Amino acid sequence: MIRLATCSLCGCFGCHMSFLDMDEKLFDLVEKVEFDRSPFTDIKSVGKCDIGLIEGGLCNEENVEVVKAFRENCGILVAVGACAINGGIPSMRNHFPLEACLAEAYLDGIGIDHPQIPSDPELPRLLDKVMPVHEAVKIDYFLPGCPPPAEAFEVLLEALLKGEEPQLPTNLIHYD
Amino acid sequence: MPSIQEHADLLIERMGNRPLQILIEIQRRFGHVPDDAIGQLSTRLHIPFSRIVGDVEFYALLSREPKGDYAFLMSDNITDWMQGSRVLFSRLSKNLGNHASLSNTSCTGMCDQGPALLVNGLAVPNLSASRIDAIADLVKRSIPVSSWPEEFFRVESNLKRQSWLFDDWQGPHLKGEDLLQALQDCALRGRGGAGYPTAKKWNACREAKGEGRYVVCNADEGEPGTFKDRALLQHRADRLFEGMALCADIVGAEHGILYVRGEYRYLEDHLKEAIARWSRPGFEIELHWGAGAYICGEESALLESIEGKRGIPRVRPPFPVTHGLFGMPTVVDNVETFCAVAAIASGGEKAFRSLGTEKSKGTKLLSISGDCVKPGVYEFPFGVSVEALLAECEAKDALAVQVGGAAGTCLDKTEFGRRIGFEDLPTSGSIMIFNASRDMSEAALNFARFFADESCGFCTPCRVGTSLLAEALESATRGGEAVSEIENLNIVLRASHCGLGLSASRAVMDMLKKFPEHFAAGRAALEGR
Amino acid sequence: MKTIHLDGHEIPFEDGQTVMDCALAADKPIAHLCHLPGYTPYGSCRLCTVKIDGRFSSACTQPAREGMQVESETEELKEMRLGILRMLFVEGNHYCPSCEKSGSCRLQHAAYNAGMLDPHYRPFYPKREMDASHPDILIDNDRCIFCALCVRASRDVDGKAVFDISGRGLATRLVVNSKSGLLVDTDISVEDKAVHVCPVGAILVKGRGFEVPIGMRLYD
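Residue numbers (my numbering), protein chains in the order written: chain D, 1 to 176; chain Z, 1 to 529; chain B, 1 to 220.
Incorrect hints may have been included.
[Stated by the list, open to error] Covered stretches of chain D (in silico footprint by chain B; criterion: 3 or more residues with CB under 8 Å from a CB of chain B, positions within the stretch not fixed):
no. : stretch
1   : 52 to 59
2   : 74 to 85
3   : 120 to 134
4   : 137 to 143
5   : 169 to 176
Please keep in mind that the hints were generated in silico from the structure rather than gathered at the bench. Model, not experiment: these values are computed from the prediction. Every residue gets a Cβ at the ideal spot worked out from N, C-alpha and C, and that includes glycine.
So here's chain D without its partners, still in its complex pose:
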């Protein structure tokens, strides 16, 4: 069995939803693949895997830790979706100082009852800027799209399961 791990960092789980859009193809997939850490299994830490799929970019220290753990444990690491690849929509906050973002969200925004910036030590610290995952670790393959279409996941996994180099046809490359 091929072991596959997935996670969503600073993303919206849309890429995971698109993964599930493979529909009946998923039945074939689970014949060949066993899921490790993933929202599908609820396993909290990544073990030794053949393939890791990363959704979302890096916005806090935990994201960086997770992606490094994925890199250590996964033979092949794939950046999935716009956020993982270039920071995506969350990186639009890079145009504002972090303090201004926090103030807008927790202090000055509309409808805030008890203005305070969360400071629980349990919360991972935010990075100054949202970054693509390839800024922290080496990435082997990229699956663009917001989200990537289900067929793109199929093409990718089919090739990787056969031990071949994935070749995404032009019609499956899109950034939106």
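Given the coordinates of chain D, assemble chains Z and B onto it according to the supplied hints.
Positioned in the frame of chain D, the structure of chains Z and B alone reads:
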């Protein structure tokens, strides 16, 4: 005191339709270019407001925002670094009040007497801790720059070796067809670095269709480590004007323009007097100033700049000899080339042909700086070996020699037998020497930053690629893996619009190849992590 | 009939045509962004870089010459173009999912054709001001690639001078011709060609966002 608009009006009346020259004057007067002045120029000269904004934001020596009573720009060439400029920068920055500003600028052409800075556009060479403290004190006491000690602004010509180009030739005076033939017989090639045959260029200009003609002298020497034209402008201005006039006579031009880099403003009075003293009927020479843009050393960018635009290199073809200044056939040559023509024309022809090598006749002026006892300007016959240069300027323990400035070639010890000349090491004349104590990754980073600062921004590979190159080298100094990234950028940069982008990775690639151990500290750190 | 050789194909040309002109006429397109037929060749994006007789040159500015040997679809040039596209993507802020030009964007389309899956370089995330001052027209500078098509259209087609490129290096920026620096204070009108020539989503007509459904857009 006249208002900003009135001041702009006076300048327009005095200087005519020369927007960049007017902007430079406004910058000198007000310490910046106020929007009211831009508006007045726009209205009076019928130039879109946005285009003048484009100019002001393009040239490093112009600014839209006030920079205080004292605007300091520290020369940031690798030779300045080697002479301690970065320490002096922080020393000065700690002691400046809020009516002064300080930032870096590209090589100011004072490498033989650095570190140097510009204050309100005027060069101050030979900086030391004590001079920096004296400057900080003058600022603290609000002494205007015009009342600072004169010796602060003294620039030495450091002419260490002069021969043919400086000799007083007393021969039959050649001109017109005879001179063109002599230039061809001498196989004189342009001294700016590219080495285009001078006679061929002038002939092409003469034969091009057009109502008027221009002769333009490129004295914008901005290549890091180059300062040899400084010596000619200082000591042989007449010879230069003579060369321009001889060219004008051949191609049929009535107007000559001498475009001097803004960093050489200290030569202003001298050049103005020299032009006035020299004047000839039927040919007038106009002095134009650059305003801080390396790219304007590229001939078509220089023409754009004279026309008052941003210095963006033109699409070629057509070339300046057919479509040059204001669309007219134009000869653009380097200071040294015009001086060489004048020397050939006045009796130096035979001697010229006996000097140099088969493909590189005559002599070459070299600006030598870096780790040597006698930095300065040297005239050598073409074909001189790097070894011989090092001996002459007393460079001991040389590890590397950068020939041709940041855009040139980096030589290691095994290559010091190579020779200056078009067949081996063509150069505009910049020679920078690094001794064994130097870290070549610093030089690589310095050059990469230089290109990122000086990219005109027109084309994608250069605008973005030069910054990525600097970033890759910075990451290398922090321990990152940079080699494959730099190799990739080296490929993409080859798609650049002009020579700036095309040569931006050249020295860096040389240094990576020849001094891998200087970059290895970074790699080892990465492996150990 | 005069011809050039483009990747082994013989392509006819007429005097005055560039390599790009005759390649397009022969339906052998070379990737391009800043070029648009009918506009003065500019040569800034460098995407159309080809190798002519062993030297790199932009096809859009290079006059065709009899017997010219032009390489375009080689691995070397494809790598170069991919690099150029990646540079354009990291230099600006190109958030395709939230851009209303997505699907009809020439930059995006060129990147798809080049097989670009990732930006490779570190994104610059520059801070650029948006100009929403005009009632009908929006300038989103995040997306500008400095192709100057709007500059050329305003000057050469509209007979105005609304746009200009200012600054230098990475500080290069699109400016408009008004003292305030705002579009509303220029003489632009929504009918101007300059408003409609932008290859990316930098100049947009307001009130018309996401008109065409996904799947039916220009390059879908």
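Numbers of the earlier hints that this structure fails to satisfy, in rising order: 1
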